[in-house]
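Colleague: Here are the chains, one letter per residue:
4 protein chains.
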Amino acid sequence: MAPAKKGILERLDAGEVVIGDGGFVFALEKRGYVKAGPWTPEATVEHPEAVRQLHREFLRSGSNVMQTFTFYASDDKLENRGSKLSFTGAQINEAACDLAREVANEGDALVAGGVCQTPSYLSCKSEAEVKAILNKQLDVFVKKDVDFLIAEYFEHVEEAVWAVEVLKETGKPVAACLCIGPDGDMHGVSPGECAVRLVKAGAQIVGINCHFDPMTCVKAVKMMKEGVEKAGLKAHYMVQPLAFHTPDCTCQGFIDLPEFPFGLEPRILSRWDMHAYAREAYNTGIRFIGGCCGFEPYHIRAIAEELAPERGFLPEASEKHGNWGAGLEMHTKPWVRARARRDYWENLKPASGRPLCPSMSSPDAWGVTKGHSDLIQQTEATSKDQLKQLFDRSKSQ
Amino acid sequence: MAPAKKGILERLDAGEVVIGDGGFVFALEKRGYVKAGPWTPEATVEHPEAVRQLHREFLRSGSNVMQTFTFYASDDKLENRGSKLSFTGAQINEAACDLAREVANEGDALVAGGVCQTPSYLSCKSEAEVKAILNKQLDVFVKKDVDFLIAEYFEHVEEAVWAVEVLKETGKPVAACLCIGPDGDMHGVSPGECAVRLVKAGAQIVGINCHFDPMTCVKAVKMMKEGVEKAGLKAHYMVQPLAFHTPDCTCQGFIDLPEFPFGLEPRILSRWDMHAYAREAYNTGIRFIGGCCGFEPYHIRAIAEELAPERGFLPEASEKHGNWGAGLEMHTKPWVRARARRDYWENLKPASGRPLCPSMSSPDAWGVTKGHSDLIQQTEATSKDQLKQLFDRSKSQ
Amino acid sequence: MAPAKKGILERLDAGEVVIGDGGFVFALEKRGYVKAGPWTPEATVEHPEAVRQLHREFLRSGSNVMQTFTFYASDDKLENRGSKLSFTGAQINEAACDLAREVANEGDALVAGGVCQTPSYLSCKSEAEVKAILNKQLDVFVKKDVDFLIAEYFEHVEEAVWAVEVLKETGKPVAACLCIGPDGDMHGVSPGECAVRLVKAGAQIVGINCHFDPMTCVKAVKMMKEGVEKAGLKAHYMVQPLAFHTPDCTCQGFIDLPEFPFGLEPRILSRWDMHAYAREAYNTGIRFIGGCCGFEPYHIRAIAEELAPERGFLPEASEKHGNWGAGLEMHTKPWVRARARRDYWENLKPASGRPLCPSMSSPDAWGVTKGHSDLIQQTEATSKDQLKQLFDRSKSQ
Amino acid sequence: MAPAKKGILERLDAGEVVIGDGGFVFALEKRGYVKAGPWTPEATVEHPEAVRQLHREFLRSGSNVMQTFTFYASDDKLENRGSKLSFTGAQINEAACDLAREVANEGDALVAGGVCQTPSYLSCKSEAEVKAILNKQLDVFVKKDVDFLIAEYFEHVEEAVWAVEVLKETGKPVAACLCIGPDGDMHGVSPGECAVRLVKAGAQIVGINCHFDPMTCVKAVKMMKEGVEKAGLKAHYMVQPLAFHTPDCTCQGFIDLPEFPFGLEPRILSRWDMHAYAREAYNTGIRFIGGCCGFEPYHIRAIAEELAPERGFLPEASEKHGNWGAGLEMHTKPWVRARARRDYWENLKPASGRPLCPSMSSPDAWGVTKGHSDLIQQTEATSKDQLKQLFDRSKSQ
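Protein sequences, first through last, are from chains W, D, A and X.
Residue numbers for the first sequence follow the UniProt record's numbering, so the first one is 1 and each next one is one higher.
Residue numbers for the second sequence follow the UniProt record's numbering, so the first one is 1 and each next one is one higher.
Residue numbers for the third sequence follow the UniProt record's numbering, so the first one is 1 and each next one is one higher.
Residue numbers for the fourth sequence follow the UniProt record's numbering, so the first one is 1 and each next one is one higher.
These are calculated hints, taken from the structure and not from any lab test.
There's no promise every hint is true.
Pairs involving identical chains hold if they fit within one copy or between any two copies, as the list cannot separate such chains.
In silico EDC-like pairs for lysine to aspartate or glutamate, Cα to Cα no more than 20 angstroms straight-line [claimed, not checked]:
hint, residue 1, residue 2
1, K333, D75
2, K136, E226
3, K234, E16
4, K219, E79
5, K136, E316
6, K5, E165
7, K333, D392
8, K5, E102
9, K388, D343
10, K30, E346
11, K384, D183
12, K230, E319
13, K168, D147
14, K143, E169
15, K30, E49
16, K333, D385
17, K144, E158
18, K30, E319
19, K5, E16
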């Protein structure tokens with residue numbers, strides 16, 4: 001029998017680097033298993049082999065955490081999908097747990113059950129209602145005995161605190177991530193203050209996921225860390241950013257970019273961008289380092305390769321990757337072999353091949369958030385009339 | 001028992017659109033199963049589940065051809081890999097055939113056995129030696145009874161003609177693709193003349209794959225078609241381009257770009273670029289339309305969606321994709337719902353988020369090709385001294 | 001006899017818009033009369049016709065202020081020039097006054113005597129020494145009876161305050177401009193605090209000139225205005241920014257850009273950028289609106305055209321300019337005539353025609369300022385050894 | 001008495017480099033003396049001091065040719081101006097000759113009388129009518145005894161040949177320039193064939209001016225030279241390109257760019273671009289090297305500085321310019337002094353400071369030229385109705 005794995009807090013307390021995985025929603029959308037718009041994870045039931053394969057790729061690339069593919073798998077969100085699903089929320093969540101556990105068992109990874117912001121909150125439902133929704137997912141996580149919990153992708157710290165309060169009741173370690181940048185949450189609460197509230201609510205790990213590029217997220221986590229330390233509190237820190245460059249984003253992140261979600265390709269980070277990110281996150285004192293939307297397995301591998309000196313080992317997938325381009329030593333063409341060196345890739349400013357495109361965009365910034373009637377969620381699909389109003393409004397901005 | 005599938009020539013003769021798959025080498029490199037540099041396909045034996053999954057994703061996205069993952073699987077290339085493999089070329093090729101067949105059987109797809117240019121040719125070996133190498137792969141394809149054969153990724157029409165001559169002996173339909181652009185092959189033979197030679201050698205389908213972006217490849221195939229027609233010959237046409245924008249490439253294509261192969265992210269085509277490509281290819285009279293390096297399943301799906309009116313059906317994976325962004329009608333944010341329309345995505349000029357990067361690069365252009373001593377391939381890895389010479393030469397360009 | 005002109009304070013007190021001129025140093029460098037590096041104004045003596053012509057072009061374009069071309073005409077700077085001049089500082093300053101007065105008399109313009117930061121201050125000379133240097137220029141301005149005085153292009157508010165103190169002794173109206181952005185002066189004093197100190201020292205007009213693009217300068221003047229109002233003080237405001245886009249600048253402005261001073265062309269503002277600037281400055285409550293380095297006469301004309309509704313008249317040079325492109329109605333080609341409309345030019349995103357260039361740069365940021373030995377000025381030209389040290393240091397940044 | 005100057009053909013026959021001047025229309029538009037749209041040169045009468053000053057700046061920068069500012073000064077064009085002028089064509093042309101001669105006498109420069117394409121030709125008038133129009137300008141040039149003649153800015157070689165035939169009758173040396181690129185004239189005649197026709201018509205010097213950037217123009221002149229040599233003829237060659245980067249232009253050049261004429265700033269060439277241009281032109285065998293629209297005096301100076309080794313001297317204006325940035329050795333800031341070297345400026349890729357703008361544009365390409373009704377010129381200004389039609393048509397492109 002294998003020795004029991006070290007838990008998430010044991011690892012972080014020991015100063016180990018814990019590598020997260022990448023975002024399933026975007027990766028599986030490109031593979032044909034998730035629908036952009038609703039973004040719901042019914043693939044866990046419909047196409048388990050595709051979900052399992054992606055877990056395996058992340059594990060092989062160095063991930064220590066198999067996050068259950070339960071994003072937007074709350075019942076209120078599944079209902080808001082606009083088209084009927086043949087599966088209950090519980091079925092989807094259970095299948096996600098089984099897949100994560102199956103692959104986690106193949107290596108040194110833990111299973112994290114994940115919850116995220118709810119349509120109920122955006123629609124101004126009460127604290128009790130929101131907590132009830134979250135509890136339904138949690139029942140599955142407890143039943144399936146995940147190793148720890150992650151509350152992530154919250155735009156409002158108020159809802160994230162509610163989530164932490166619910167998750168804490170399980171007795172499992174709790175990590176909490178907001179999807180905010182240095183400007184703070186959608187109600188204007190600063191990252192430092194957000195972190196303090198999450199820690200006070202009981203989260204042992206706090207950080208940022210999604211919505212901004214790696215360096216921006218690291219900067220925001222740094223502000224969280226400073227806030228927590230200034231308040232005399234203690235916490236571990238995590239970061240799971242986008243794999244897209246977002247220098248032009250304002251407070252709501254990449255959602256506001258005109259390229260979201262079907263024109264983000266030119267913004268995708270290279271593996272070398274990931275080296276720089278991993279180093280910066282490490283130097284900032286963050287030890288739980290992973291990814292979100294846009295991350296492919298090779299991005300996670302780049303994190304693991306950058307931090308191999310600290311960790312003492314390379315991930316399995318590095319058998320198929322020469323350090324800093326060394327594999328090119330075996331390329332057919334001599335001028336490509338000449339690129340088999342670190343300084344080449346570190347200094348490269350990659351061209352877009354798109355001379356008719358700009359390098360930055362003006363984000364949409366409608367400035368509406370929870371409490372605004374535009375954000376009340378509805379079960380039925382947007383009607384033609386509603387869409388026309390949106391188009392017209394969009395053009396006049 | 002299922003009715004026998006229509007063969008490749010039957011389909012093309014009937015004017016049907018045949019959708020190809022995407023490039024396995026790049027897709028599996030990102031997933032951690034192929035090493036950039038050698039680019040060899042031993043994953044068919046080492047990690048069959050990963051190869052099978054990718055086949056399935058392409059099938060689901062609309063591909064009618066499962067190309068065996070046998071790129072660079074000739075014995076001379078496998079030996080040039082610079083590190084010992086535990087598998088014989090025959091083992092790798094056989095496993096590739098089995099995987100392709102298994103998935104092809106799950107849908108309306110044919111199996112195509114693929115061969116490509118050999119290190120032997122670049123190293124100036126004789127016609128007999130090159131043909132002997134190709135014959136070894138062919139033995140497997142015959143044994144496994146693939147549906148047709150593709151000779152692809154040839155930079156020199158001379159070698160491609162040799163390949164067609166070898167493949168023809170099997171009696172199976174033969175497609176032949178060069179990896180050239182409008183400027184012609186590495187010895188300066190024009191696309192039109194190349195096509196004529198390939199057709200005269202016996203290829204029933206001729207075209208272009210890899211090395212250039214879709215519009216450039218379509219342009220080159222158009223030149224092939226004009227050459228063939230002018231010569232009073234007949235053929236079918238195919239195109240399987242890169243999913244990278246390459247407006248700045250010279251004759252050797254993306255290999256010469258400073259971003260090759262680890263900094264190409266900003267050049268990745270969007271699904272909307274693929275719509276435009278599929279339409280242009282169709283209008284040019286090309287009926288076998290697929291992809292090569294950089295293509296992910298959603299790129300193939302975009303081809304299938306663009307040509308759905310002509311074909312009369314959508315691919316399976318479109319259950320997870322609203323036409324022209326329609327899925328966004330169910331997005332949480334109203335300003336994202338406003339993007340659920342064709343004219344929005346068709347007119348978008350996506351930003352790179354990289355203000356410090358240019359939009360085009362100056363390609364390396366060492367101007368060496370078959371016959372030049374720099375291109376003689378060696379079995380051992382490049383030595384430190386050899387690398388240093390390459391670096392110095394590279395800097396002085 | 002013509003009626004006496006209204007003074008600068010009379011105009012501003014009456015709420016009139018006063019339009020400044022553009023920077024002579026850059027404009028005359030392009031015309032061949034000023035040397036980049038030393039940037040000294042001996043052209044007033046050597047080539048008075050060239051200086052006079054530029055004054056006339058600005059007058060004709062709408063300028064109400066003819067600023068004497070006395071930038072860097074302090075004796076300590078002229079000595080630091082590294083090559084002997086045949087003229088004394090007094091000669092250069094006197095000629096400048098005569099030229100400005102001659103052209104001012106041709107229209108509705110005032111003469112402003114200008115002083116700027118001194119090498120003595122950067123070299124850590126005493127307050128008495130710096131004031132003595134400034135007094136020498138002032139003697140000329142008093143003798144030539146200029147209409148008012150401008151202390152401009154100060155990086156440190158400390159030296160600017162000294163300058164204001166000296167200028168105030170003449171009894172003439174005093175304007176004071178720092179060349180700083182929203183981050184404040186080189187010692188970290190905020191724009192608001194800088195403005196308060198200048199007003200307390202006696203400046204009736206305060207603002208920003210040079211170093212940053214128009215919108216950034218307006219933003220910094222806004223911060224000055226808020227600082228002054230919060231302190232319960234009163235002042236008039238002016239802004240004379242660069243005609244270069246500088247979104248990538250840090251605290252020391254365009255000096256730090258790799259393009260400074262010989263590669264700034266792609267950053268030059270269009271006339272339409274100037275319309276937006278003039279409107280923003282006006283809306284911010286700034287009434288003395290002009291330009292600095294990079295401004296050509298047509299840029300000043302654009303300010304005058306944008307504010308024509310407020311001022312009630314167009315500048316003389318508008319006889320050669322159709323409003324918002326209206327002159328194109330007479331173009332030979334019909335598709336150019338189709339551009340004769342405001343919305344066309346207002347929405348145009350002009351391309352650089354430079355696909356190999358980025359859109360932003362990483363500024364040099366050596367972080368040295370007054371007090372640092374690197375900034376001690378020397379009379380002799382930089383030696384080869386000194387230059388080599390600088391090159392090496394530059395490469396390692 | 002000064003020795004008689006060498007004529008243009010003497011100089012070119014002797015292999016000397018002859019440096020042209022820059023375009024007056026654009027330079028004086030920025031200074032407020034020419035109206036964009038009609039582009040006519042009445043400033044020679046209205047504001048002779050401004051025209052004289054620009055001549056002087058070019059002379060001082062190294063120009064050996066003072067081209068009379070008579071662009072579009074044919075009577076048919078002046079009538080088409082859409083607003084009455086108080087001057088006759090003869091007055092404007094005579095004043096232009098006097099100004100050019102006055103400044104030419106101040107240095108080693110010749111006076112060239114210039115004619116260009118006529119509205120009459122575009123409006124399909126007969127050869128006799130077009131020649132009559134050109135003869136009226138020519139009468140002035142003969143009366144004022146200019147040193148040689150330049151027929152320039154012709155889009156159709158047919159009209160240029162007519163012009164050469166008319167000019168030849170004066171007995172003065174004749175230069176002829178088309179404003180075309182490598183794709184040939186508006187009727188599709190190749191540069192080589194165009195050159196042959198011009199030489200056969202009697203032009204001793206042939207070349208290209210305007211419409212394209214320097215490298216493109218040099219390429220087209222090279223094609224002209226090859227055509228002339230292949231035909232067994234002899235000629236001298238000249239080039240006077242734009243000072244704007246135009247990599248995205250099609251056959252009609254920068255007129256078709258969306259930025260023409262009021263948004264071209266980001267495309268302006270730097271002095272270093274001019275060094276490269278001058279060298280390339282020289283190496284191509286062109287000896288009459290100048291500029292057109294966009295050239296400022298410092299651009300001409302850069303040509304003269306690049307070719308100083310061949311010519312043996314620097315222009316007068318180089319007293320105010322250190323070679324390859326050497327003047328920066330005297331800059332205040334040490335990091336700017338570090339830029340005082342050739343390799344710095346030669347390798348700089350200057351940023352645009354415009355992250356929201358693309359690097360290239362899609363040119364308008366209405367594809368209409370002489371013979372198309374859209375190009376019939378009219379005397380009155382475009383009517384509102386006509387403009388509306390143009391706008392609508394423009395939007396639908």
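Colleague: Determine for every hint whether it applies to the structure shown.
Modeller: For each hint, the structure was consulted:
1. K333 x D75: Close across copies (19 angstroms), not inside one copy (55 angstroms); limit 20 angstroms.
2. K136 x E226: neither (34 angstroms within a copy, 52 angstroms between copies)
3. K234 x E16: within (17 angstroms within a copy, 59 angstroms between copies)
4. K219 x E79: neither (36 angstroms within a copy, 47 angstroms between copies)
5. K136 x E316: Cα proximity of K136 and E316: none, with 36 angstroms in one copy and 32 angstroms across.
6. K5 x E165: Neither, since 26 angstroms and 59 angstroms both go past 20 angstroms.
7. K333 x D392: between (53 angstroms within a copy, 15 angstroms between copies)
8. K5 x E102: within (15 angstroms within a copy, 37 angstroms between copies)
9. K388 x D343: Between copies only: 13 angstroms across, 51 angstroms inside.
10. K30 x E346: So K30 and E346 pass the 20 angstroms test across copies only (19 angstroms; inside, 28 angstroms).
11. K384 x D183: neither (35 angstroms within a copy, 48 angstroms between copies)
12. K230 x E319: For K230 and E319, the Cα distance exceeds 20 angstroms both inside one copy (44 angstroms) and across copies (51 angstroms).
13. K168 x D147: within (13 angstroms within a copy, 59 angstroms between copies)
14. K143 x E169: within (14 angstroms within a copy, 62 angstroms between copies)
15. K30 x E49: both (15 angstroms within a copy, 18 angstroms between copies)
16. K333 x D385: between (58 angstroms within a copy, 16 angstroms between copies)
17. K144 x E158: neither (28 angstroms within a copy, 62 angstroms between copies)
18. K30 x E319: between (25 angstroms within a copy, 13 angstroms between copies)
19. K5 x E16: within (14 angstroms within a copy, 56 angstroms between copies)
Of the numbered hints listed earlier, those contradicted by the structure are 2, 4, 5, 6, 11, 12, 17.
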